[in-house]
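Go by the hints and put chain W onto chain P.
Top line first, the protein sequences correspond to chains P and W. The first sequence runs contiguously to residue 151 in the working numbering. The second sequence runs contiguously to residue 302 in the working numbering.
Source of the hints: derived by calculation from the structure; they are not laboratory data. Treat the hints with care, since some could be wrong.
To be verified - The calculated EDC-like cross-link candidates involving lysine to aspartate or glutamate, where the alpha carbons are at most 20 Å apart (straight line), are:
(1) P/Lys17 <-> P/Glu65
(2) P/Lys17 <-> W/Glu240
(3) W/Lys187 <-> W/Asp175
(4) W/Lys251 <-> W/Glu195
(5) W/Lys168 <-> W/Glu240
(6) W/Lys168 <-> P/Glu89
There are 2 protein chains.
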Amino acid sequence: MPSELRRNPKLMTEEEKVLEANQDFYTALQDLSMEKMEAIWLQESWVRCVHPGWNLLEGWEAVRESWQQIFENTTFVRVAVGIQAVRIENTSAWVCCTEKISTVAEDRFDSVYVQTTNIFERRNGTWYMVHHHASALPAPWPQDPGSDLVQ
Amino acid sequence: MPSELRRNPKLMTEEEKVLEANQDFYTALQDLSMEKMEAIWLQESWVRCVHPGWNLLEGWEAVRESWQQIFENTTFVRVAVGIQAVRIENTSAWVCCTEKISTVAEDRFDSVYVQTTNIFERRNGTWYMVHHHASALPAPWPQDPGSDLVQ
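Next comes chain P alone, as it looks inside the complex (with noise of 0.2 Å):
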């Protein structure tokens, strides 16, 4: 979401913020731009990341360069995205989430369902992406796949 449109943050939920940091994350994914997947991520040596059957990445240059080699192999990229919930506690927040991600890669076209836990934290009243665990799920998914994050 441009920054012009986003709501008034002082007028917003804690669960709604988490949840614009999570569609955040989503858009620098079917955007393929790396400069918003930095900018969601908390840039530390702790964060952790697990794309669907890789193994897990272990500190930011890890993730930010798995990011980068994807992006990099990847021309289009839409990804449907269906909430099923979100939790907050304290300054940790978690959001699990099916994605139908369609891409074309090398002139391949593809689809996949992924089954997606979100870890965020708090830092000066932002949230930040701290922890990536998404896997296959078998296709295709059990609910409403939500809409398209292309508004």
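Chain W alone, transformed into the frame defined by chain P:
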């Protein structure tokens, strides 16, 4: 770990307590013990669980039923756990693990490699599991699988 062998909680760091709760979860799994599994989970409607290849389970009742179903269909299970990361943020914590799960079910021996994100919350000084996301890993796993839980 039998309670008489537990260290004095007052002398343990929060990280040690989280790791103990994490081990209690795997002990419950190995012992096929609903009583131990019930003791480690926070029994709330918002807890969540993803078994490898399953859809998301929502709420303690669904989570409890899944473990009961797994335990009833399993005659033997051993889990080798590798701890990859522990992160504590206020009253939340999460642990990344690799698991090698060896089972005997319906007279068939099976061995699977799993990547796990376990989330805990602290209540009155005790850490409870609130989220378990387990997904299949390509075998063999990339690092020291750790030692078998059985002492």
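Straight-line alpha-carbon gap W/Lys251 to W/Glu195, limit 20 Å: Distance ~28 Å between W/Lys251 and W/Glu195 Cα, so the pair is violated.
With a cut-off of 20 Å on the C-alpha distance, tell me whether P/Lys17 and P/Glu65 pass. violated, 27 Å
Restraint check for W/Lys187 with W/Asp175, where alpha carbons must lie at most 20 Å apart: holds, 8 Å
Would the pair P/Lys17 and W/Glu240 pass a check requiring their Cα atoms to be no farther apart than 20 Å? holds, 18 Å
Pair hint W/Lys168 and W/Glu240, alpha-carbon separation not exceeding 20 Å: holds, 14 Å
CA of W/Lys168 to CA of P/Glu89, is that 20 Å or under? holds, 18 Å
Checked against the numbered hints given earlier, the structure breaks hints 1, 4 and satisfies all the rest.
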